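Asker: For chain A, the structure is supplied; the task is to place chain B on it using the hints.
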Amino acid sequence: DIQMTQSPSTLSASVGDRVTITCRASQSISSWLAWYQQKPGKAPKLLIYKASTLESGVPSRFSGSGSGTEFTLTISSLQPDDFATYYCQQYNTYSTFGGGTKVEIK
Amino acid sequence: QVQLQESGPGLVKPSETLSLTCAVSGGSISTSSYSWGWLRQPPGKGLEWIGSMFYRGSINYNPSLNSRVSISVDASKNQCSLKLTSVTAADTAMYYCARLAGSGHFQHWGQGTLVTVSS
Chain A
1 DIQMTQSPST
11 LSASVGDRVT
21 ITCRASQSIS
31 SWLAWYQQKP
41 GKAPKLLIYK
51 ASTLESGVPS
61 RFSGSGSGTE
71 FTLTISSLQP
81 DDFATYYCQQ
91 YNTYSTFGGG
101 TKVEIK
Chain B
1 QVQLQESGPG
11 LVKPSETLSL
21 TCAVSGGSIS
31 TSSYSWGWLR
41 QPPGKGLEWI
51 GSMFYRGSIN
61 YNPSLNSRVS
71 ISVDASKNQC
81 SLKLTSVTAA
91 DTAMYYCARL
101 AGSGHFQHWG
111 QGTLVTVSS
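Residue numbers (my numbering), protein chains in the order written: chain A, 1 to 106; chain B, 1 to 119.
Same shape as in the complex, but just chain A (with noise of 0.2 Å):
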């Protein structure tokens, strides 16, 4: 199985900060990594695949980058929208997902 460990697990910022998520897998996946943000009571939304391909719609504040076992997600100016929970997604050998990390207000 391929193991996803993201950190930090928790995050405290401000509005207006560059944030940088990691994610490493225990394996090369390539660039067969999705990000999603997800907010409480609300399903994941996509953000973005195949490592750093935006998905329509999603601001270009958002940006991810890496291949193989790192990768980034990052956001260039953290808005007050942002606050929310960040999970990674390998998709090279059937699926698994990061711990999440949580995104709060400083």
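One should not assume that every hint holds.
[Stated by the list, open to error] Below, computed lysine to any residue pairings styled on SDA-like, alpha-carbon distance capped at 20 Å:
hint, chain 1, residue 1, chain 2, residue 2
1, A, K42, B, T116
2, A, K39, B, Q111
3, A, K39, B, E48
4, A, K39, B, G44
5, A, K39, B, Q5
6, A, K42, B, V2
7, B, K45, A, Q38
None of these hints come from the bench; they were simulated from the model. This one's a predicted model, so the numbers in the text were calculated from it and none came from an experiment.
Answerer: Quick look at chain B alone, frame taken from chain A:
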């Protein structure tokens, strides 16, 4: 815009079978190039992939659930179904259906349905 709506019993007894359906509107579930999946999220915890049915007909299940889970599509009703047998309290979760795009990312999600396993 495609919409997905999960439905099913909110309470299931231990050892029984959990059965959920996902009604698809705004598009045909039989459209080639799209695949369908189920995921779940225990209260306060992270996401877990249950399984996916790909448009070419193949089905993958989470190895940890493989012996208990089945996913099917009913094109005549434009819906996807999930069955999970021999449930325990550990199966209590919000269950989501989703449409996959490309090679396996989940592009569209239903709102989810909460299933509690309890006697």
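Asker: Take the hints in turn and mark each one as holding or not.
Answerer: Here's how the hints hold up against the structure:
Simply put, K42/A and T116/B have alpha-carbon atoms about 18 Å apart, close enough for the 20 Å limit, and the pair holds. For a cut-off of 20 Å, the pair hint linking K39/A to Q111/B stands: about 12 Å separates their Cα positions. Taking the CA atoms of K39/A and E48/B, the gap is about 17 Å. The hint holds against a cut of 20 Å. In summary, the hint linking K39/A to G44/B is supported, as the alpha carbons are separated by about 12 Å, within the 20 Å threshold.
Under the criterion of a C-alpha separation no larger than 20 Å, the hint pairing K39/A with Q5/B is consistent with the structure, at around 18 Å. For a cut-off of 20 Å, the pair hint linking K42/A to V2/B stands: about 17 Å separates their Cα positions. With a C-alpha separation of about 12 Å, the suggested pair K45/B and Q38/A falls inside the 20 Å cut-off, and the hint holds.
The structure meets every hint from the earlier list without exception.
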